[in-house]
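Engineer: Residue strings, one per chain:
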Amino acid sequence: MSNATFGGNKLGRRSLLQGLGVAAIGISFGGLAGCSKPESGAKDAKIGGTGEEPKLNFYNWDTYIGETTLADFKGASGVDVNMTLFASNDELFAKLRAGNPGYDLIVPSNDFVERMAAADMIVPLDHALIPNFKNAAPEYQDVPYDPKRKYSMPYTWLALGIGYRKSKVSSPPDSWKVLFDSDEYKGRIAVLSEAGDMFRLYGKYLGKSVNSLTPEDIKAIEAMMIKQKPNIKAFHEDNGQDLLLKGEVDLVLEYNGDIAQIMSEDADIGFVIPKEGSQLNSDNLCIPKGAPHPKNAHAFINYLLDAEVGKKITETILYPTPNAAAKALMPDSYKNNQAVFPAAEVLAKCEYAKFNPELQPKYEKAFTRVRAA
Amino acid sequence: MAGALQDWRQHKRPFAAIVSAPIFWLVLFFLVPMGIVWLYSFGQNVGPAAIEITGTLDNYKRATEWLYLSIFLKSLAVAALVTFICLIVGFPVAMAITFATEKWRPWLLLAIMLPFWTNLLIRTYALMMLMGQNGYANKGLGAMWDGASWLRTLVGLQPLEAWTPVQLLYNNFAVVLGLVYVHLPFMVLPLYSALDRLDKSLIEASLDLGAGHFRTLMKIVVPLAGSGIAAGVMITLIPALGAYLTPDLMGGTDSQMIANVIERQFKRANDWPFGAALSFLLIYAMFALVALQSLRGSRAKVGAH
Amino acid sequence: MALFGRQPIAPLEYTRKLWMRSWVGATLLFLYAPLILLMVFSFNDSKRNVVWKGFTLKYYEKAFANESLVEAMVNSLTIALLATVFSVILGALAGVMLWRFRFPMKSAVEGVMSLPIIVPEICLGVAMLIFFARMDWPTGLPWPLNLSAITIAHITFCFPFVAMVVRSRMASFNREQEEAAKDLGASEWQTFRDILLPHMKPGLIAGALLAFTLSLDDFVITFFTSGPDTITFPVKVYSMVRFSVTPEVNAASTILIILTIVLTAVALKLQGVKGIAETH
Chain A
9 MSNATFGGNK LGRRSLLQGL GVAAIGISFG GLAGCSKPES GAKDAKIGGT
59 GEEPKLNFYN WDTYIGETTL ADFKGASGVD VNMTLFASND ELFAKLRAGN
109 PGYDLIVPSN DFVERMAAAD MIVPLDHALI PNFKNAAPEY QDVPYDPKRK
159 YSMPYTWLAL GIGYRKSKVS SPPDSWKVLF DSDEYKGRIA VLSEAGDMFR
209 LYGKYLGKSV NSLTPEDIKA IEAMMIKQKP NIKAFHEDNG QDLLLKGEVD
259 LVLEYNGDIA QIMSEDADIG FVIPKEGSQL NSDNLCIPKG APHPKNAHAF
309 INYLLDAEVG KKITETILYP TPNAAAKALM PDSYKNNQAV FPAAEVLAKC
359 EYAKFNPELQ PKYEKAFTRV RAA
Chain B
4 MAGALQDWRQ HKRPFAAIVS APIFWLVLFF LVPMGIVWLY SFGQNVGPAA
54 IEITGTLDNY KRATEWLYLS IFLKSLAVAA LVTFICLIVG FPVAMAITFA
104 TEKWRPWLLL AIMLPFWTNL LIRTYALMML MGQNGYANKG LGAMWDGASW
154 LRTLVGLQPL EAWTPVQLLY NNFAVVLGLV YVHLPFMVLP LYSALDRLDK
204 SLIEASLDLG AGHFRTLMKI VVPLAGSGIA AGVMITLIPA LGAYLTPDLM
254 GGTDSQMIAN VIERQFKRAN DWPFGAALSF LLIYAMFALV ALQSLRGSRA
304 KVGAH
Chain C
6 MALFGRQPIA PLEYTRKLWM RSWVGATLLF LYAPLILLMV FSFNDSKRNV
56 VWKGFTLKYY EKAFANESLV EAMVNSLTIA LLATVFSVIL GALAGVMLWR
106 FRFPMKSAVE GVMSLPIIVP EICLGVAMLI FFARMDWPTG LPWPLNLSAI
156 TIAHITFCFP FVAMVVRSRM ASFNREQEEA AKDLGASEWQ TFRDILLPHM
206 KPGLIAGALL AFTLSLDDFV ITFFTSGPDT ITFPVKVYSM VRFSVTPEVN
256 AASTILIILT IVLTAVALKL QGVKGIAETH
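Protein chains in written order, with my numbering: chain A, 9 to 381; chain B, 4 to 308; chain C, 6 to 285.
None of these hints come from the bench; they were simulated from the model.
Values in this document were obtained by computation on a predicted structure and should not be read as measured data.
Take these hints with a grain of salt, some might be off.
As the list claims (entries may be wrong) - Here are the simulated EDC-like cross-link-like pairs (lysine to aspartate or glutamate), alpha carbons at most 16 Å apart as the crow flies:
#	chain 1	residue 1	chain 2	residue 2
1	C	Lys58	A	Glu273
2	C	Lys58	A	Glu60
3	C	Lys67	A	Glu75
4	A	Lys158	A	Glu192
5	A	Lys237	B	Asp257
As the list claims (entries may be wrong) - Calculated from the model, a selection of chain A residues having no Cβ within reach of chain B, i.e. all distances over 12 Å:
#	residue
6	Met91
7	Lys174
8	Phe243
9	Pro300
10	Lys303
11	Glu323
12	Met338
13	Asn345
For glycine and all other residues, C-beta sits at the position ideal for the given N, C-alpha and C.
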């Protein structure tokens, strides 16, 4: 191509190849060398007790399952669980919105259970197939976001709070004020980049319910956020625990489960749910519409709710479990961890956020303005 | 171009044989899907997962609000700065490759391209690891600071005060640096390709006639490599304008770029019609840039003859 | 380094000037420092990439034992190979079409051909998602048919690049050769096979390599077209590192980088450095 004539943009695109070309050779050989065709193990496995092909497509969060849970289930039922990962509720929703490409079991958070039920994207569960539902703690057997647990089964729950480095704060940050309305820790704070959560927690700080914000409130909160912005170091993408552990920031708005995980690695980390109360979240097991193996999915849900199984999962992921029977089997160090299980009087002030299709775009737009300010 | 173009009417059969497959593909697997999104940009949400195409222009009206225009302009400024830095950094590198020996040229090219072969996200995280508060870039700077402090005590001056880590991440500087890191090869290769075709005797003549290296560079090399520079600028500017991962991960509280806003509409905000409108405005803008560029290109070509 | 010759420096040997070398050296340091750090930390005996805690090889064992990672790699390569083959065919045809013919709406067609390069990735991803859902594209097919949706999406954004390369390569073609062949009685097809195709070859190779690269590293569009059985390497890595990069991902990347370097070096040696330089 050395003597080609070219004009404008084509030149760039074409010459890009030169380098790409040289290097591409490597990859093309490189990849081939280390790989072999995956075996289709499903075919020769025995048929599970459900009468369906012994296969299950589980769409889960990363680091959200016990180390041997999937293998154990295969041993118990013969069903081969194929777990793939998503990174946020938004991704999950966007991906399933136009239709289900073959997932059997998904793990949306509470507001997305509501949203997906409203959009007819998940199917009602057959409680007769999930006897282990009785293991769930009473407060998780009937929840505001899914009355009578029609569509979802509890998997974990979480509460937002403040993770902090004990040696770098004057006193435990027990109010949202330190994050939202103070320059005491200027440049050492990271908060969430999720607009809805941010506005609702500001609402909490102002003494309102997370579900009672009005457009006027949003305006007032937006002004507060812009005022506080110079004191914030970053809006993190739910990787706040990493920022805290690396010493990038000293205070971070995060979920208790995430902070509990790093507390086991670094004794200098603390977690507190502010006295104004906070927002609760809960991740739930749901079967998306069009799932190819709904019976297997029911069987797997039932298996996950088993006390022993739940215990093993909890030991790995360290999140608060709504499974009372599993919790009972856990050691005291877990049960008495204030980060994992905040005191009852603190929890009493926490609420679930309702899915609100009118306010969500308003939150987004206001937050875009905050970022642009 | 060598030879004149053939008129399709005089060669109907070969024309049909050649044209049908790519056109079919482009229409079915590109225009139809993009057409649906384009229609969505004239629609509105009627439920969490339902969109009704009502022919409304509301989305475009919202998308042209000053808020989004200002973000677009800021993104354009950031992308332009990134492109400019890439040009300044990349030009000498491209020159070096051009004037390297036959034996070394492919290896140098490869060295520039190789980082391209690592996943973008992994590369970004690696850069963040280097630039963190307790990262090695800061440690290196700290060591240099301590060294300078020690030197001062040697000559009897007061030592410098203790080193405080510099804030390298989570600001606009980090975004620009990260984007330069990712896009540098995009710039070097077109530049190299243009310089490679340069008649080297022109440079020799200029030097022989007493012009300095810098003068030769500005008066001879840069004008002759003009089309390569323009191509490099386009090929760096367009992806930089569409970047969302780098500002997301490395940016501070005010580092959002237009692609972040678009991404949020499709994911978090679940507002596909608005996301579609924003996307198409961006497409129109970029299309205008490309058209402008090829117009300039063809004009330059006409001028040369 | 052979760059360091002993002869006096001629005016044009910029590469042998100190400032030029330091500039290139500094640029390469900037490009490689993060990657080297990443490789070093793949041996770090800690769950996180924060501080050095000691040497270990356990993350390499983990990466090799991670079946889904290996499976994702196989999927990625299969898709990339398929996408490359189809993109080269379509791209070559499109390139020839734009180079050879004058036809109505030509500039519109040219414009549309450049669109897949300009469209924001997320927008094309969503478009593909909706398109395949609306078409009721079959899912759950046996491997490798289940990769069809991703492959189609990849071909769509790869082949315009190939078309551009081929077109600019063809610009240097001497039409008279073709006419001579026809005068000597060659059919349209024979002319294409024996005259056009050999001239096009370097462009096809370059285009193929580019398509392969683009396909192999794509995340956004693949994410929206993948299903439970069709995870690719970038999608897998993305979900693994969203919250923090573990040394296991570092190890997998290091393996890939080393393999790339070694095999590119071998390829350069085998095919001859000069041959590759001429290709471009």
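Engineer: Could you run down the list of hints and mark each one as holding or not?
Structural biologist: Hint-by-hint comparison with the structure:
1. Lys58/C with Glu273/A: Roughly 13 Å separates the two Cα atoms, so the pair holds.
2. Lys58/C with Glu60/A: It is violated: about 48 Å lies between the C-alpha atoms, which goes past 16 Å.
3. Lys67/C with Glu75/A: Judged against 16 Å, a Cα distance of about 13 Å means the pair holds.
4. Lys158/A with Glu192/A: Violated, because 46 Å separates the two Cα atoms, which is more than 16 Å.
5. Lys237/A with Asp257/B: holds (9 Å)
6. Met91: holds (21 Å)
7. Lys174: Check passes; 18 Å lies beyond 12 Å.
8. Phe243: violated (6 Å)
9. Pro300: holds (20 Å)
10. Lys303: The claim holds: Lys303/A sits with its nearest Cβ about 26 Å from chain B, beyond 12 Å.
11. Glu323: Holds, since 28 Å exceeds 12 Å.
12. Met338: Fine: 33 Å to the nearest Cβ keeps Met338/A off the interface.
13. Asn345: The claim holds: Asn345/A sits with its nearest Cβ about 27 Å from chain B, beyond 12 Å.
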